[in-house]
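A.B. asks: Model the full structure from these sequences, guided by the hints.
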Amino acid sequence: MFKLRKISESMVIAFSGYLIASSYAFAQEEQSKDVERISVVGSNIKGSTMTSVLPITELNAEDIATTGALTGDELLRSIPQIGAVGFTGTRGGDTGTNAARGDIGSVNLRSIGEGNTLVLLNGRRMVNHPITQTNFGVPVTSVNSNTLPVSGLARVEVLRDGAGALYGADAVAGVVNYVTKTDFEGANLNVRFGAEQGTNRNDFTISGNKGIEFNDGKSFLMISANYDKKKGVMASENDFSSNQDLRSRAPEEFADDTDFDNRSSLEPWADLHFIGLDSSIDDYIIRPVNYLSDSGNQVDATSCGGGALASGAGVLGDVCLEAAGSHDRALRPNRNEERTLVPDIDRLNLYVNFSHQLTEELEFYNESTYYSSKTERQWEQSAILSNGTFDVPADSYWNPFGPVTFADGRVNPNRIAGLDTGIVPEEGLAYNLIIRPTDVGPRQIEVKSTSFRFLNGLRGTYNNWDWDSGLLYSEAKTDDNMSNRISSPLLLAQLSLDTPDAYNPFTGVNPNDPASIIDLSPNPQSSIDPFLTTAQRSATTKLTLVDFKASNPFIFELPGGDAGIAFGFEWRKEELVEDNSDNFDGSTPFVEGNANPVNGSSLQGSSIRLDVSGERKVFSAFGELALPLLADLPGVYNLDMQLAVRYEDFSDIGNITRPKLALSWFPVESFQVRAAASKGFRAPNLIQLNSPGATLTTSVDDFAENSLDENGEVVVNTTTLSDGGPGNGNYNLSTAGNTELKPEKSENISLGFTLQPLDGLTLTYDWWEVETTDTVGVLSDENISRLDLIARANGSSNPDVIRGEVDEDNPLGEIVQINRRYENLNTRTITGYDISANYVLNTTSGRFEAMLNGARTLKFDQAAGGDALTIVNAGASEDVLGSDVGDIVGTSSIPEWQATASLKWKSTDDLWGAGVFVKYVGDVLNTSVSKVVDSNTIFYNMPSQTRVNLSVTRNDFLGYDGLRFTLGVNNLADKEPPLADTAFGYDGSLHSSRGRYFYTSANYSF
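If you use my numbering, the sequence shown corresponds to residues 9 to 1014, in order.
Hints in this document: simulated from the structure, not taken from any laboratory. One or more of the hints may lead you astray.
As the list claims (entries may be wrong) - With a straight-line cut-off of 35 Å between C-alpha atoms, the simulated DSBU-like cross-links for lysine-lysine are:
1) 382 - 218
2) 750 - 625
3) 939 - 867
Claimed, not checked - Derived DEER-like restraints, expressed as beta-carbon distance ranges:
4) 946 - 142: 21 to 31 Å
5) 676 - 944: 48 to 58 Å
6) 704 - 287: 20 to 30 Å
7) 813 - 625: 46 to 56 Å
Yeah, the Cβ is synthetic: ideal placement off N, Cα and C, and Gly gets one too.
C.D. replies: Dropping the structure here:
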């Protein structure tokens, strides 16, 4: 990776500062020049012609329509430089309580990760979505790409290069700038309807724009509105997503691989541990009397019973009680029977743009946006987790090992006859229960999201200077409302009743379909209602921003033309508040009756989610120079340079300065070589800094104890760092934020060319590399245990590993808790190249425009750093760090290739138009599915896929002036997404679940 020398940085800063200070003197000597002044991403100099120095992808309104995109998420996915989308409504099934769900899409340029792409609206920052998502084990944030309507955009600009010096924090991979329609005069109304073939999925959209001038042309007002109503689809409606057991869809070499069976081991069939029995006979399961095992063997009543029961004595109607430690795989539930694949969505977008000319050189303006959405989906009922299991009392009514008589003298009708009272006493035995009570019905999830943005500003000109100053306030809020949830303490109370009103966990589910999650033998609703509850995850983010910037494209002359300058200042405040319901945030923990009262949540199936809040203030200042060095010389048609520097001071992580240098050389008019080098950074987000410690129960290997030699001394070597022994069961793992986190620093370099070999044809190639250091990550509990081993070998211990008392079985003390926090760890180096071709041809049949855009990722290498490097330096293999190190291109949802192509045609009379859009996503290895062949491990390869969208448009339809009619079809070949090892059977971060989709729209302009 290149390194910018300190002297070079100093020269950039000094040179920029000198020019900023002296710019006013130059301005007084210059005369105003008549040019069109527009702002384009990649430069703060309004009217600058030097943005070709940088690699930029732009989609105008026609390009957007050709993609067939219905949402902002789909629009960004049509750009191949956008990587895996971690925040989605489906994400392959990962939409649990702690995920960002609802009407959501994220921005992940270059696959570097959410939070590394700066997203702007008309050149200013957008507020982040309030809910985080996990990427590489840490919570990340993103702007919600669905908050802006596709139909209201004039264009989307993507700067495919580091831009920290131009725009500040988070522009590590580049910048996405949404530009709205601001000069629309007149009115239009658009209605669109589309439906998926073979399912109930459909979309209805109505949108309109109205733009008017008044006050003798001094004032302009534009109002844009968009309403979407989308009907979703259940996972059971599609063959590819109907069953979590994917083995029938797997290629032949993996057809019997249980890695493809994603059904849960937390079954609706009860799992019991009777308290007080000998450990050899204390575990039992409830199962159907007769069923076919996963291996194809018939199981019947002869194997019921066992343990404290006589053989065959455990038959309880349609189910039986069997002494066994676990269920057969055939009894694992297919949760997709009750899962929503794509939720129902109601969405409203409003945009208002107002401007008023106060004087010839001064204008007031306002931009206001509003977004709201409501999504509805359902999810199968949750199971009892290991950190919240129940100890059900012996005298509970339905207990098969219950008392002979209840306390009031009633004879117990449910105690199994013939129990040996020497094993199961007359007073009965309490039991520990794990079950998924599916007769309660699925969980219902309603997510409401809103956001608004108000920007008021003044802009004007003075001589050759353009200036702009604005005050922006934006806020986003999400309420994730969950109903038909189970309260753990209330369920235990209902289980514990000694009357028939008690909840009965021994009814089974569907004896004729053991893998079904739909219960055919439910408890009466009167036994269910007492333990039902609701819960909420609520979060709000706020952004307050004040800025001033000024630019002059004619500050002084150089041999190549007029030099330009820009400078500016910005102050912003970012805020986050997450407030969860009491049964979720630990305010009302489940303790009494909890066999392992560590999880502070009383919401069954959900670990605790603590409330969190944080804020930061940021001041920044920037300067930029556009320097046309040479022109019109032999071998130098043009030689331009861009210099930029930005200083940012954060209230929570300190200050940082980042420079940028870019060069553009045209040897001849039709050929350009361009290069850029810059430094950037990503600030740790407010969750990573301020999240309180959340605890869960799990198990971990004790590497220090397992390394002890015969003298009781710890031994550190490759063997002891890889073998942690039999494990340390049921300890507490706490994960928390870290206020000591440093910014992730990045260095970017790019080199490319553009070529116009003939009229209308443009070819581009850009190679790029991004290196980030101090990447925020989190070590696994196993690796923190390894750090304890390393520390003990050096005469100390790891304070994050907390141990109990030393005893004969635990010479170092049993691990009772591990505390971990987000840390600055690894170094990432990502390289690749982009190619594009654009050809415009005018013929007697009309205008044709063909475009090709491809993105190749060559390397995504992660090298150990921080404590991870300490583990490796001590002798451990890098394999112990998992996917956190090594080159992961071609895995982890990072394909080597993504590409798009389009062909647009417009007739010479402008009455007809047509478009074809093609998207290609390369193959990716699923490392979660593997097998060994001839001593070599091979992984399942998720195949590549190409999809085609087609549309035809007729203007002045049926002879009505201003009426445009469009008919289109997306996924023309009706391709299913390729098989992937996920709950829904496909990779939702890369591929769409939408089948062949027909749509039509009518647009009337007046």
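A.B. asks: Take a quick look at whether residue 939 and residue 867 sit within 35 Å of each other, Cα to Cα.
C.D. replies: holds (25 Å)
A.B. asks: Range first: 21 to 31 Å. Now tell me if the beta carbons of residue 946 and residue 142 are that far apart.
C.D. replies: holds (28 Å)
A.B. asks: The hint says 20 to 30 Å between residue 704 and residue 287; measuring C-beta to C-beta, is that right?
C.D. replies: holds (26 Å)
A.B. asks: Confirm or reject the claim that residue 813 and residue 625 have a C-beta distance inside 46 to 56 Å.
C.D. replies: holds (47 Å)
A.B. asks: Is it true that residue 676 and residue 944 lie within 48 to 58 Å of each other by Cβ?
C.D. replies: Between residue 676 and residue 944, where Cβ atoms are some 52 Å apart, the hint holds.
A.B. asks: Can the restraint linking residue 750 and residue 625 be considered satisfied, given a maximum Cα separation of 35 Å?
C.D. replies: holds (16 Å)
A.B. asks: Does residue 218 lie within 35 Å of residue 382 when you go C-alpha to C-alpha?
C.D. replies: holds (26 Å)
Checked against the numbered hints given earlier, the structure satisfies every one of them.
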